[in-house]
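Novice: Here our numbering is used: the first residue of the sequence shown is 1260, the next is one more, and so on.
It should be emphasised that the hints constitute simulated quantities derived from the structure, not laboratory data. This structure is a prediction, so every number in the text was calculated from the model and none was measured. Glycine included, each C-beta is placed from N, C-alpha and C at the ideal position. Take the hints with a grain of salt, since some may be wrong.
[Claimed, not checked] Label-pair restraints from in silico Cβ distances: (1) Gly1338 - Ala1272: 24 to 30 angstroms; (2) Thr1278 - Glu1301: 28 to 34 angstroms; (3) Arg1262 - Arg1342: 16 to 22 angstroms; (4) Tyr1302 - Gly1338: 29 to 35 angstroms; (5) Asp1348 - Glu1297: 15 to 21 angstroms; (6) Asp1292 - Glu1318: 16 to 22 angstroms; (7) Glu1301 - Ser1347: 20 to 26 angstroms; (8) Arg1342 - Thr1278: 17 to 23 angstroms.
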Amino acid sequence: MDRERLVEELADAFGGTETALRAVSRQARDLTDSGRIEEDLEYKPTVEDVLSNLEDAPEEYSVIERWNWWIGSLELSYGDYQRFRVRSDIEDPAE
1260 MDRERLVEEL ADAFGGTETA LRAVSRQARD LTDSGRIEED LEYKPTVEDV LSNLEDAPEE
1320 YSVIERWNWW IGSLELSYGD YQRFRVRSDI EDPAE
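Work out the full structure, taking the sequences as your base and the hints as a guide.
Specialist: In structure tokens, the structure reads:
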């Protein structure tokens, strides 16, 4: 998965700080590299797949909240996805 493209697409779709966007894109890449989605859902996630899943989250959610919402649903369905969560306090208030 192209992390730079994902950062750009996430910014366009959901906004967020550079820190938040990079954290989510890093976890998306780690999730893809882990093979968990392929194993559980039988497809290799693309940038479009990530965006589509994050679009399903409540509209008022930030990019990190959207990511964690999706990871939470994967955790409930398949287990062992918590390690891909992004800390909600990752954003520096000074940014």
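Novice: Next, verify each hint and record whether it holds.
Specialist: Hints and how they fare:
The supplied range of 24 to 30 angstroms is met by Gly1338 and Ala1272, whose beta-carbon atoms lie about 28 angstroms from each other. Against the hinted window of 28 to 34 angstroms, the Cβ-Cβ separation of Thr1278 and Glu1301 comes to about 33 angstroms, which satisfies the hint. In this structure the hint that Arg1262 and Arg1342 lie 16 to 22 angstroms apart at CB holds, the actual value being about 18 angstroms. Checked against the hint of 29 to 35 angstroms, the C-beta distance between Tyr1302 and Gly1338 comes to roughly 19 angstroms, which is inconsistent with it.
Checked against the hint of 15 to 21 angstroms, the pair Asp1348 and Glu1297 fails, with Cβ atoms roughly 31 angstroms apart. At roughly 30 angstroms, the beta-carbon separation of Asp1292 and Glu1318 lies outside the given 16 to 22 angstroms, and the hint is violated. Hint check: Glu1301 to Ser1347, Cβ distance near 30 angstroms, so the stated range 20 to 26 angstroms is violated. The hint said 17 to 23 angstroms for the Cβ distance between Arg1342 and Thr1278, and at roughly 20 angstroms that hint holds.
The structure fails to meet hints 4, 5, 6 and 7 from the earlier list, while all remaining hints are met.
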